[in-house]
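Undergrad: Each chain, written out:
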Amino acid sequence: MVSRSRFEELVIPHRNAAFNLAYWILQSRDDAEDAVQDAFMRAFRAFDAFAGNGARSWLLAIVRNVAYSALDARKRSRNFVVLSDDMRSLSVSDLEQMPSDDPSPEAVVAADDEHIRLLNELARLPLIHRDILVLREMEGLSYAEIAQITGTAIGTIMSRLSRARAELRKALARQVPKVRSDAL
Amino acid sequence: MRCEEARLLVSAFVDHELSNDEELAVSEHIESCSICACLAEDYRRMGQQIAVGYRQAPAGLTEKIRASVARERLAYLPSRSYATMRRAAALIFCMGLSALATWYAIRSSQERAFLEREVLTAHVRSLVQDRPIQIASSDGHTVKPWFNGRIDFAPTVRDLTFAGFPLLGGRVEIIDGRRVAALVYKRRDHIINVFMWPTAEAAVRLARDTSIKGYSVLTWNGADTTYWAVSDLNAGEMRELQKLL
Numbered sequence: 114m115v116s117r118s119r120f121e122e123l124v125i126p127h128r129n130a131a132f133n134l135a136y137w138i139l140q141s142r143d144d145a146e147d148a149v150q151d152a153f154m155r156a157f158r159a160f161d162a163f164a165g166n167g168a169r170s171w172l173l174a175i176v177r178n179v180a181y182s183a184l185d186a187r188k189r190s191r192n193f194v195v196l197s198d199d200m201r202s203l204s205v206s207d208l209e210q211m212p213s214d215d216p217s218p219e220a221v222v223a224a225d226d227e228h229i230r231l232l233n234e235l236a237r238l239p240l241i242h243r244d245i246l247v248l249r250e251m252e253g254l255s256y257a258e259i260a261q262i263t264g265t266a267i268g269t270i271m272s273r274l275s276r277a278r279a280e281l282r283k284a285l286a287r288q289v290p291k292v293r294s295d296a297l
Numbered sequence: 007m008r009c010e011e012a013r014l015l016v017s018a019f020v021d022h023e024l025s026n027d028e029e030l031a032v033s034e035h036i037e038s039c040s041i042c043a044c045l046a047e048d049y050r051r052m053g054q055q056i057a058v059g060y061r062q063a064p065a066g067l068t069e070k071i072r073a074s075v076a077r078e079r080l081a082y083l084p085s086r087s088y089a090t091m092r093r094a095a096a097l098i099f100c101m102g103l104s105a106l107a108t109w110y111a112i113r114s115s116q117e118r119a120f121l122e123r124e125v126l127t128a129h130v131r132s133l134v135q136d137r138p139i140q141i142a143s144s145d146g147h148t149v150k151p152w153f154n155g156r157i158d159f160a161p162t163v164r165d166l167t168f169a170g171f172p173l174l175g176g177r178v179e180i181i182d183g184r185r186v187a188a189l190v191y192k193r194r195d196h197i198i199n200v201f202m203w204p205t206a207e208a209a210v211r212l213a214r215d216t217s218i219k220g221y222s223v224l225t226w227n228g229a230d231t232t233y234w235a236v237s238d239l240n241a242g243e244m245r246e247l248q249k250l251l
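These protein sequences, in sequence, are chains A and B.
Under this note's numbering, the first residue of the first sequence is numbered 114, with each subsequent residue one higher.
Under this note's numbering, the first residue of the second sequence is numbered 7, with each subsequent residue one higher.
There is no bait here: all hints are sound.
Pairwise CB distance ranges, derived in the manner of DEER restraints: (1) 9(B) <-> 186(A): 42 to 52 Å; (2) 276(A) <-> 88(B): 44 to 54 Å; (3) 47(B) <-> 182(A): 33 to 43 Å; (4) 158(A) <-> 10(B): 44 to 54 Å; (5) 96(B) <-> 269(A): 49 to 59 Å; (6) 88(B) <-> 118(A): 22 to 32 Å; (7) 51(B) <-> 185(A): 29 to 39 Å; (8) 93(B) <-> 121(A): 29 to 39 Å; (9) 269(A) <-> 9(B): 18 to 28 Å.
Calculated pairs, EDC-like style, for lysine to aspartate or glutamate (alpha carbon to alpha carbon, straight line, at most 20 Å): (10) 70(B) <-> 147(A); (11) 249(B) <-> 165(B); (12) 70(B) <-> 146(A); (13) 70(B) <-> 122(A); (14) 70(B) <-> 143(A); (15) 70(B) <-> 144(A); (16) 70(B) <-> 121(A); (17) 70(B) <-> 151(A); (18) 283(A) <-> 226(A); (19) 283(A) <-> 47(B).
Honestly, the hints are just simulated from the structure, not real lab data.
Idealized CB from N, CA, C, for every residue including glycine.
In isolation and in its complexed conformation, chain A is listed as follows (with noise of 0.2 Å):
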C-alpha cells in the first residue's frame, strides 16, 4: 500500500510544475488541470515503483505523457478547432496575472507588450520545441533532466532547444522587425 503522506510531501508540492506543463501543451486550463489530476492518480499508482529521487522529473515524465494522450484525444473527438478561451492571442488583461520584475510603469508597457508577443509565439510553435522550452526556460531543468523527462538524448535536447530559440527569435523579428533592429 502506497504511503499516502510520503507522496503528499514528495510529489504533492511539484502541482505547479505539473500545471505549468500541461497547461502549454495543452494551452487550456481546464484541460489542464483534468491531465493533472489524472497523471497525479497514475503516479500515485505507480508510487510504489518509484526510486525515491528527481520527484519532479519523474512527475513531469507523466504529466506530459498524459497530456499528449489528452492531445491526441481532443484532436480525435473534434474535426473542427475550437477557439477556446486560451487558444485566442493573449491581451493586455492576461498581464495582470503575470508578475513583472521590471519596477517602471513605461517599461512595464514595453516589456510586456514584449511578453505577450513572444508568449503568443511561443504557443504557436511546434509541441516538441515547446514543451522542451517551458521546461527549460520555466523551469529551469537541466538538459539532463529534459532527456529523462522526454526520453531522448541529451545530444537531442541540446539540437532542439537550439533550434526552438532560433525559430521563436526568427517568429518575433518577423512579426515586429523593430524588435530586432532595436537588439541590434
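Using the hints provided, position chain B relative to the given structure of chain A.
TA: Just chain B now, with coordinates in the frame of chain A:
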C-alpha cells in the same frame, strides 16, 4: 571557431550546458562577433520573458488532486475486500470441515456402537452355549485349515499357551451380516473371544478400547485384519493378548 559553428552552440552556451572547451571557444568567439553576441543576448532575454509565462496551478487544484488520489486509494479497496472475502471463505470452509468431522465422528461412534453390540452379543451367546467352540484344538495347524471353506479368508491362528493364553479352538460367527473367524482363548477361568476379519477402510478409525457391562472390548488393526477381542478379563491382560496376536 567559425561563426556558423558557434551559432549552433549559442543556445547551449546560454544554458551552460557546453563542455569546458566548447564554452571557452564560444565565449571567445562571442567577444569578437556581434551577431553571435546579439544571439546570446536575445536568447537570454527570451528565456527571462518565457519564464514570465509560468502558469501557477489554480487554487483548488491541490484539493482536487487529493480527492483523485483518495479515489485512487479507494480503488485499492476491492483487493482489500477480496482479502476479507477470502478470510470469510476460509472461515466457512473451516466450519464446513468441522461439521463434517463432527458428523463423521458421530457416524463412526454409531458404527462402533453397532459393532460393539454385535461383538458383545456374539461373545455372550458363545458363553451361554455349552461349548463356545466348533473346532476344539490347541493346535493352530488344526484350527486354521478348519476355517477353509467356512469363511472367505485365512485367519492367523496362534496358540499362546506359552504366554498364559491357551487356544481352546475356533468357530464361525456372523458379525454385521458377514462370516468372521472367532478364536477362543482362555486365561485362568476367563474366556476370550477374538473376532477377526479382513480390514475394511472404515475400521481404522474404530480402533479403541472400551468397557461395556463389565466386559472389556478391544479393537485394533493388524496388517490387513481387524481384531475385536471381548472378555470379562481386565483390560491390562487383554492388552497383553493384543500384543501377542
